[in-house]
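S.K.: Spelled out, the chains give:
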Amino acid sequence: MDYLIQFIMSFIATASFGVIFNAPIKAIPICGLVGSVGWMGYYSFLQVNATEVHATFLASFVVAVVAQIFARWFKTPMIVFYVAGIIPLVPGGIAYNSMRSIVELDYTSGIEFGMRAFMISGAIAMGLVFAEVIIQLNYRTLNKGKTSMQSFARIKRQKVK
Amino acid sequence: MSNNEINFEMALDCFLLAGRIMIESGAETYRVEDTMLRMARSLGIEDAQSYVTPTGIILSIGKKQITKITSISNRITDLHKIALVNNVSRKLTNKIITLEQAYEELIKIQKTNYFLPISLQLLTAASAGSALMILFGGLWSDLPATFVAGAVGFIVVTILHDLTKVKFFSEFLAALFIGLVAHFAVKFHLGTEIDKIIIGGVMPLVPGLLITNAIRDLMAGHFTSGISRGAEAFLTAFAIGSGIALVVVAF
Numbered sequence: 001m002d003y004l005i006q007f008i009m010s011f012i013a014t015a016s017f018g019v020i021f022n023a024p025i026k027a028i029p030i031c032g033l034v035g036s037v038g039w040m041g042y043y044s045f046l047q048v049n050a051t052e053v054h055a056t057f058l059a060s061f062v063v064a065v066v067a068q069i070f071a072r073w074f075k076t077p078m079i080v081f082y083v084a085g086i087i088p089l090v091p092g093g094i095a096y097n098s099m100r101s102i103v104e105l106d107y108t109s110g111i112e113f114g115m116r117a118f119m120i121s122g123a124i125a126m127g128l129v130f131a132e133v134i135i136q137l138n139y140r141t142l143n144k145g146k147t148s149m150q151s152f153a154r155i156k157r158q159k160v161k
Numbered sequence: 001m002s003n004n005e006i007n008f009e010m011a012l013d014c015f016l017l018a019g020r021i022m023i024e025s026g027a028e029t030y031r032v033e034d035t036m037l038r039m040a041r042s043l044g045i046e047d048a049q050s051y052v053t054p055t056g057i058i059l060s061i062g063k064k065q066i067t068k069i070t071s072i073s074n075r076i077t078d079l080h081k082i083a084l085v086n087n088v089s090r091k092l093t094n095k096i097i098t099l100e101q102a103y104e105e106l107i108k109i110q111k112t113n114y115f116l117p118i119s120l121q122l123l124t125a126a127s128a129g130s131a132l133m134i135l136f137g138g139l140w141s142d143l144p145a146t147f148v149a150g151a152v153g154f155i156v157v158t159i160l161h162d163l164t165k166v167k168f169f170s171e172f173l174a175a176l177f178i179g180l181v182a183h184f185a186v187k188f189h190l191g192t193e194i195d196k197i198i199i200g201g202v203m204p205l206v207p208g209l210l211i212t213n214a215i216r217d218l219m220a221g222h223f224t225s226g227i228s229r230g231a232e233a234f235l236t237a238f239a240i241g242s243g244i245a246l247v248v249v250a251f
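Taken in order, these protein sequences are the chains called E and W. One point on numbering: in UniProt numbering, the residue at position 41 of the first sequence is 41, and numbering is uninterrupted. One point on numbering: in UniProt numbering, the residue at position 244 of the second sequence is 244, and numbering is uninterrupted.
None of the hints are false.
Computed beta-carbon distance windows for the label pairs: (1) Gln65(W) - Phe7(E): 51 to 61 Å; (2) Thr98(W) - Asp2(E): 52 to 62 Å; (3) Leu190(W) - Asp2(E): 17 to 27 Å; (4) Lys63(W) - Thr108(E): 53 to 63 Å; (5) Ile134(E) - Leu139(W): 38 to 48 Å; (6) Glu112(E) - Lys95(W): 48 to 58 Å; (7) Lys95(W) - Ser109(E): 51 to 61 Å; (8) Lys68(W) - Thr108(E): 48 to 58 Å.
Hints in this document: simulated from the structure, not taken from any laboratory. Glycine residues also receive a C-beta, built at the ideal position from the N, C-alpha and C atoms.
Construct the entire structure; sequences and hints are all you get.
M.R.: If you want it as structure tokens, here you go:
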């Protein structure tokens, strides 16, 4: 029951962010699905006693993998699918607590919350990049195209030669 | 199409417009460079060079051709436009459409507003905030207060951004109003946990995309773009934080 509520709520939240970020209309339910899969990953990892940074890393990895699959399916840039999906993982609450502690002149806990927020946002970006690179390696062994980051690096390399 | 038949000036304008729309819609820097250079190579322009930052693009399509600069001042998140430009670039690269058709399509994309009606955006902003409040462990009884706070924040940021064009100011005031709604909701016993209501209310304003794009740009080696996006994200977070802080201090 708890999992069901979490699933529905994360679907609503991410699909709504799809509307705010103006994703193409047919992609909005997919945004919601990507987001709720990512959030369910985060929630389950927390249940098995992973720390929040590790859980965020794994969840954003899941988000990127699912987003990449849909991006190839719909021939749409990956950014359309992952942007809304990572929103529930963004440490809004921790950043708020950090700001609030600093305003209340409790600098020690302010810095502590701030570092936690920084680590979590770093974990989100790391998860996305790791997933993109691993998928790219995977597709290259299958000889099937590449992600834009890799092809960008390839063009730059050719220029240097 | 042989190299001599290309209208180089139109090609340059076309690539630059594609890059401009993408940056204005919040695409990652390396994707913008990749799109522009891919389009150039598909037309046989091999020695194109580009330098992209969130505030401007420099594009050159060869030694004997002119170089153009475009300056960009407004950046929003509009995934629909990114997808459409990507589609045009894909079609041009696969030679389904000609350069002229691609340029016309891009001009049409730039002029059109693809956003859904503002009332629907308002509804979704409010429900996104409330749903996230539940996900972050809030109480069901705080749901109406969070809904109102999210809606108020979104209205304030939209109206003030239209009026003043200063992002920092509109976000600061939006956060201030969210704080006030949360404070009075708790005061009149319409809500219990002021922290959770505020967090839910400000989530639609939080620069999650900016932070992630900043780190991704840094990892792709675009340090200028990464740092400037990071600065934008920090300013937004600071605006939201100080708006909320004012309410916390005042009461």
